[in-house]
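Now for the letters of each chain:
Protein chains: 2
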Amino acid sequence: MISKNRVKQIQFLHQKKFREQNKLFLAEGIKTVKELIASRPEVIEELFATVDFIKENEPLLKKNRIGFSEISEKELGQISSQTTPNQVLAVCRFFEEGDYSFDFEKNFSLYLDDIRDPGNFGTIIRMADWFGISTIFCSPSSCELYNNKVIQATMGAFMRVKVVYLPLNEVMDKNKPAKIYGAVLNGKNLFKEKLEPGLILIGNEANGINKENLELINAPLTIPSHSNNGTESLNAAMATSIIVSEFFRQICV
Amino acid sequence: MISKNRVKQIQFLHQKKFREQNKLFLAEGIKTVKELIASRPEVIEELFATVDFIKENEPLLKKNRIGFSEISEKELGQISSQTTPNQVLAVCRFFEEGDYSFDFEKNFSLYLDDIRDPGNFGTIIRMADWFGISTIFCSPSSCELYNNKVIQATMGAFMRVKVVYLPLNEVMDKNKPAKIYGAVLNGKNLFKEKLEPGLILIGNEANGINKENLELINAPLTIPSHSNNGTESLNAAMATSIIVSEFFRQICV
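Protein chains in written order, with numbering that gives the first Met the number 0: chain A, 0 to 252; chain B, 0 to 252.
These are calculated hints, taken from the structure and not from any lab test.
Treat the hints with care, since some could be wrong.
Claimed, not checked - Stretches of chain B that chain A covers, calculated by requiring three or more beta carbons in the stretch to come under 8 Å of a beta carbon on chain A:
#, stretch
1, 120 to 130
2, 185 to 192
3, 213 to 225
Stated by the list, open to error - In silico lysine to aspartate or glutamate, EDC-like type, Cα no more than 20 Å apart, as pairs:
#, chain 1, residue 1, chain 2, residue 2
4, B, K33, A, E231
5, B, K30, A, E231
6, A, K16, A, E104
7, B, K173, B, E214
8, B, K148, A, E204
9, A, K30, B, E204
10, B, K30, A, E204
11, A, K148, B, E214
12, A, K16, A, D116
13, A, K191, B, E192
14, B, K22, B, E41
15, B, K33, B, E72
16, B, K193, B, E104
17, B, K148, A, D116
18, B, K191, A, E192
19, B, K30, B, E69
20, A, K148, B, D116
21, B, K61, B, E34
22, A, K33, B, E231
23, A, K30, B, E214
24, B, K61, B, E44
25, A, K173, A, E104
26, A, K62, A, E74
27, B, K187, B, E231
28, A, K175, A, E195
29, A, K173, A, E72
30, B, K173, B, D116
31, B, K73, B, D51
32, A, K173, A, E211
33, A, K173, A, E96
34, A, K15, A, E44
Cβ atoms here follow ideal geometry from the backbone N, Cα and C, with glycine treated the same way.
Please take these sequences and the hints and turn them into a complete structure.
Now the structure itself:
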């Protein structure tokens, strides 16, 4: 059971404004929530689940002292942000921001300059996790991490990759990367450069990298295309995955 | 002006069933439709546009003998499949299927085995175009090319990349690729293999490659991940882009 009032409160968390006011967000689905219980149980404020989920996971919930309420499929549908809700929804507290130092002498990371599409953003976080990038940086105007679509698209990676929102100059003041790469239209061939640890700037889906930030790039890169084709650009998330995988190949394999 | 009856007919084309019955699909937005007029005017059956589009493009439309109707923003909103319609909608005829031979001795291509997500499918077509893949193959169960979301996600690449739906054995009977690569969980390290022209199998988002097709792979590949991470997989479109870019790097750069 869930009260009408609680339903409303949770529905409010579908909106950014209320997430930020309450410092709460939603994580949904069996896989994501079970991972959350295993790796970050401290962020779960309350859990709503159908009888199937509870039957299966009651010992786990009790062991981790997670408060839960059994609700019907219909009630889950009311509070869920998903078109096909999957047994469980967790109301979670925002992560602690904590330290954002990063060793750019040994590792590479991303700076997402005003990325906007939640699906792109979420799959980039998932991909960063795959390639072992522990922290990624975003401009303050970028898409919100706790957006429901972002959380779901990360497939759990939001628990492992730290996402830090900071103006680029503050990232640089603090961490002093020597190499500032940037994905641009007329840079050097990604596949012919010797890539080193550093920070990789990725621009907005429509407008690319902000002009001020462009000037800070000291190693512009371009993904070469087949000559004479008509496609002018790649999807931002796909371009990012191609660039990151090439850094990984050269530096980590 | 557009009649109520025509509005209904076009709205029906938002559904796969009616697209297939009529062999018609919709292409929308200034950029996509202008590219279509420039490169494939013969597929446009009828064009609906607001006054702004017509003012700007009337000579182009007349030169290409494209029938058009001026409609209001409101009318465009009624027939559009987009949340933010952009001046123009074209009703188009399905492309001719034509020949599907492919020279696997010189080139590489993709076989998408039951890809389902329109966004993934569309960005894969866009990426294939970027890297100069002229034809891609899909299992008959895969997502429909003429789905509105696919068409929009390709950013025009659907006009340049031929998409052929065929069971894998028919692709092989006809084109006899020597190398059948497949993206699997326990294959050889993508970055350490010497890659050659051939066919690359990409599986379904949730279930991977169909069991029958798995057996036809003679060169299984895996994108290496950072050790000890928690992410079990990459988004299907991102994994495809990483694999294709590595083939491109080794074979074409």
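* Hint numbers contradicted by this structure -> Numbers 6, 11, 23, 26, 29 and 30 - these are the hints that the structure violates, sorted from lowest upward.
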